[in-house]
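Could you put the whole structure together from the sequences, leaning on the hints where they help?
When we follow this note's numbering, the leftmost residue of the sequence shown carries the number 1, and every step to the right adds one.
The set of hints was computed from the structure by calculation and includes no laboratory data. Check each hint, because a few of them may be wrong.
To be verified - DSSO-like cross-link-like pairs, simulated, lysine-lysine; straight-line CA separation at most 27 Å:
| no. | residue 1 | residue 2 |
| --- | --- | --- |
| 1 | K170 | K7 |
| 2 | K93 | K147 |
| 3 | K170 | K45 |
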Amino acid sequence: MRNFVFKILVGGDGAVGKTTLLRKYVDGTFDESSIATVGVDFFIKQVVYENVGSCTLQIWDLGGQERFRHLLESFIMGAKGALLLFDLTRMPKIENILNWVNIVRMHDFNLPILLVGTKLDLEDFIAVDDESAQSIRNAFNMIDYVKTSSKTGANIELVFDLIVEKLMEKSKY
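This is the structure we're talking about:
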């Protein structure tokens, strides 16, 4: 059994639900009144995978406000993967997605990125169809696309299982 340590970046525009998703994953809580992350926040989660070993996830929540983006370069180093979040109730701007891809892949052009649509529970307000999201995923060579809800917990574990699986696979080489 091996012990893995993976640094995972979480990026996306302000108010897409990055911190809310991470709190749901790390400690199971949901807080609708989350405040904007200034700069970066940091979470740790220990996960054990049967027949594989333990995995320590160092999760870096990158503040989505544009005025803090110049601070991010020093936090990107050493990342093994990234989650790129967008709000399913607002059509993402391609230039914003491109900016985030460039930020998280600043030091590793092949960094695995998982595209994550948030706020799935607001089903009456969904503005992004699966085809559009898959087009974004394909255009930026991301490993997969998952829709989530931090409120209900839908697919939160799946997001991290997918990225960790990819990182474990990559670490075999």
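Going down the list of hints, with the structure as the test:
1. The straight-line distance between the Cα atoms of K170 and K7 is roughly 14 Å, inside the 27 Å bound, and the hint therefore holds.
2. Among the hinted pairs, K93 with K147 is consistent with the structure: their alpha-carbon atoms are about 18 Å apart, no more than 27 Å.
3. Distance hint between K170 and K45 is fulfilled; the C-alpha atoms sit about 20 Å from each other, no more than 27 Å.
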